[in-house]
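K.L.:
Could you put together the complete structure from these sequences and hints?
To convert, count from 1 in the sequence shown and add 37; that's this note's numbering.
Because the hints were derived from the structure by calculation, they are not lab data.
It cannot be assumed that every hint is accurate.
[Unchecked claim] Here are the simulated BS3-like pairs of lysine-lysine, each with C-alpha atoms no more than 30 Å apart in a straight line:
hint: 1; residue 1: LYS305; residue 2: LYS87
hint: 2; residue 1: LYS50; residue 2: LYS102
hint: 3; residue 1: LYS270; residue 2: LYS87
hint: 4; residue 1: LYS87; residue 2: LYS312
hint: 5; residue 1: LYS320; residue 2: LYS87
hint: 6; residue 1: LYS320; residue 2: LYS305
[Unchecked claim] Pair ranges (Cβ atoms, derived):
hint: 7; residue 1: LYS50; residue 2: LEU90; range: 39 to 49 Å
hint: 8; residue 1: GLN260; residue 2: SER96; range: 23 to 33 Å
hint: 9; residue 1: ALA209; residue 2: LYS320; range: 51 to 61 Å
Don't be surprised by glycine CBs; every beta carbon is placed ideally from N, CA and C.
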Amino acid sequence: MQRTSFSTTIGGKTITADLTDLTEQAGGSVLISCGETVVLVTVVMGEHAKSDLHYFPLSVEFEEKFYAAGAILGNRFQRREGRPSDEAVLSARIVDRTIRPLFDHRLRHEVQVVVTVLAMGEEDPDVLGVVGASLALSISPIQWAGPVGAVRIGRNCASGNVIINPTYTERAEHQLDFEVLACGRDDTINMIETAAREIGEDEVIAVLEAASAVHTALTTWQQEIVADRAPEKLPLIPDPVPNELTELYTQEFATRLHDIVFSNRAGKRHIYALKEVFLERVKELDISKQVAGE
Numbered sequence: 038m039q040r041t042s043f044s045t046t047i048g049g050k051t052i053t054a055d056l057t058d059l060t061e062q063a064g065g066s067v068l069i070s071c072g073e074t075v076v077l078v079t080v081v082m083g084e085h086a087k088s089d090l091h092y093f094p095l096s097v098e099f100e101e102k103f104y105a106a107g108a109i110l111g112n113r114f115q116r117r118e119g120r121p122s123d124e125a126v127l128s129a130r131i132v133d134r135t136i137r138p139l140f141d142h143r144l145r146h147e148v149q150v151v152v153t154v155l156a157m158g159e160e161d162p163d164v165l166g167v168v169g170a171s172l173a174l175s176i177s178p179i180q181w182a183g184p185v186g187a188v189r190i191g192r193n194c195a196s197g198n199v200i201i202n203p204t205y206t207e208r209a210e211h212q213l214d215f216e217v218l219a220c221g222r223d224d225t226i227n228m229i230e231t232a233a234r235e236i237g238e239d240e241v242i243a244v245l246e247a248a249s250a251v252h253t254a255l256t257t258w259q260q261e262i263v264a265d266r267a268p269e270k271l272p273l274i275p276d277p278v279p280n281e282l283t284e285l286y287t288q289e290f291a292t293r294l295h296d297i298v299f300s301n302r303a304g305k306r307h308i309y310a311l312k313e314v315f316l317e318r319v320k321e322l323d324i325s326k327q328v329a330g331e
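P.N.:
As C-alpha cells, then:
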C-alpha cells in the first residue's frame, strides 16, 4: 500500500494525515489520526447531475465500529451493528453543518461523505472527522470552497487551564466549566456547539478568537497538502441567472435580508416571509420560467 504522511501539531498534539491507495475508487480519501484515534474519511460524487432536484443532495455518514474500541461482542445477535448511535448522528451533523455551506448551492450531483472510526483512543473522532472531510474534499475533483479547521476548546474548573482538544478523561463530568467546538475558516466560524456554566461574554469571545487561530493553522497545513496533490477539479456549469433577477435581489432584497439575519428578528419565519415577497416580485418580472429552467 502506498502511503504519504503529513503531520502538524495543534495544542501540543500531533495530527497526522495519511494519503493512501486504500480506497482508490473514492474521489478523495484520507486516514487522519491523533493519538490512538484513527478515522478514515472518503468522499464520492455521482457522475450525473439530478436536474429535477431543487436542493443539493449531500449526505454525511459517521460510522462507528465495535472493533474500533477493541470490542467484539459475544453472540450473533450482539454482533449486528444496526442504526447509528446518538453520538454518531450528532457527529455526522457537525461535519454536515461545517461543509455544506461551502458547496455551490447550484450543484445537483449527489455527494456522499463517509467518516469511519477505525480505532478509538482518548481523542474524540468528531474533530478529526471534520478535518478529514475537509482534506478529502480538497484533494478530490469535487468543487468545494474549503478547506476548514475544527477544534474543541475547554477550561479545567480546578486549575483554570485552557485545553485544546481535551481528551475524554479531561472532559469527564464536572472537569470543565466550558467546552466549545468550533469549525470555520478565514477568521469566520460557520459551526459552533457550546456547553458551559456561567461565563462572561469576554471569555467566550477570547475562546472563539483562539479557535480561529487554530483554524488558520489547520487550513494552512491542508493547503500545503493540496498544493502537493494539485487536484484537477471538475468544472461546474451552472444554469444562467437572468440579469433582471440579479438586479431585483441586489436593489430590493439584499439589504433587507442582511437586516433580518443580523437582527433580533433572525429566524426561519422572518426569512421565509421575505422569500415569499421575493417570489411574488419574481412573478411580476415575468422571468419565472427562466428561473425554473423551463
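K.L.:
What's the verdict on LYS87 and LYS312, does the C-alpha distance respect the 30 Å limit or exceed it?
P.N.:
holds, 24 Å
K.L.:
Taking 30 Å as the top limit, are the C-alpha atoms of LYS270 and LYS87 close enough?
P.N.:
With a Cα-Cα distance of about 19 Å, the restraint between LYS270 and LYS87 holds, given a limit of 30 Å.
K.L.:
Given the hint of 51 to 61 Å, is the C-beta distance from ALA209 to LYS320 inside that range or not?
P.N.:
For LYS320 against ALA209, whose Cβ atoms are near 58 Å apart, the range 51 to 61 Å holds.
K.L.:
Within a Cα-Cα threshold of 30 Å, do LYS50 and LYS102 meet the stated pairing?
P.N.:
Given that 30 Å is the threshold and the Cα spacing comes to 24 Å, the pair holds.
K.L.:
Keeping to a limit of 30 Å between CA atoms, is the pair of LYS320 and LYS87 held or broken?
P.N.:
Cα-Cα ~25 Å, so holds.
K.L.:
I want to verify a distance hint. Is the separation of the beta carbons of LYS50 and LEU90 within 39 to 49 Å?
P.N.:
holds, 41 Å
K.L.:
Take a look at whether the Cβ-Cβ distance between GLN260 and SER96 falls inside 23 to 33 Å.
P.N.:
At roughly 26 Å between Cβ atoms, SER96 and GLN260 fall inside 23 to 33 Å, so the hint holds.
K.L.:
Starting from LYS320, check that the Cα of LYS305 is at most 30 Å away, please.
P.N.:
With a Cα-Cα distance of about 22 Å, the restraint between LYS320 and LYS305 holds, given a limit of 30 Å.
K.L.:
For the pair supplied as a hint, LYS305 and LYS87, confirm whether the alpha-carbon distance does not exceed 30 Å.
P.N.:
Measuring from Cα to Cα gives roughly 27 Å; hence the hint holds.
In terms of the numbered hints stated before, the structure departs from none.
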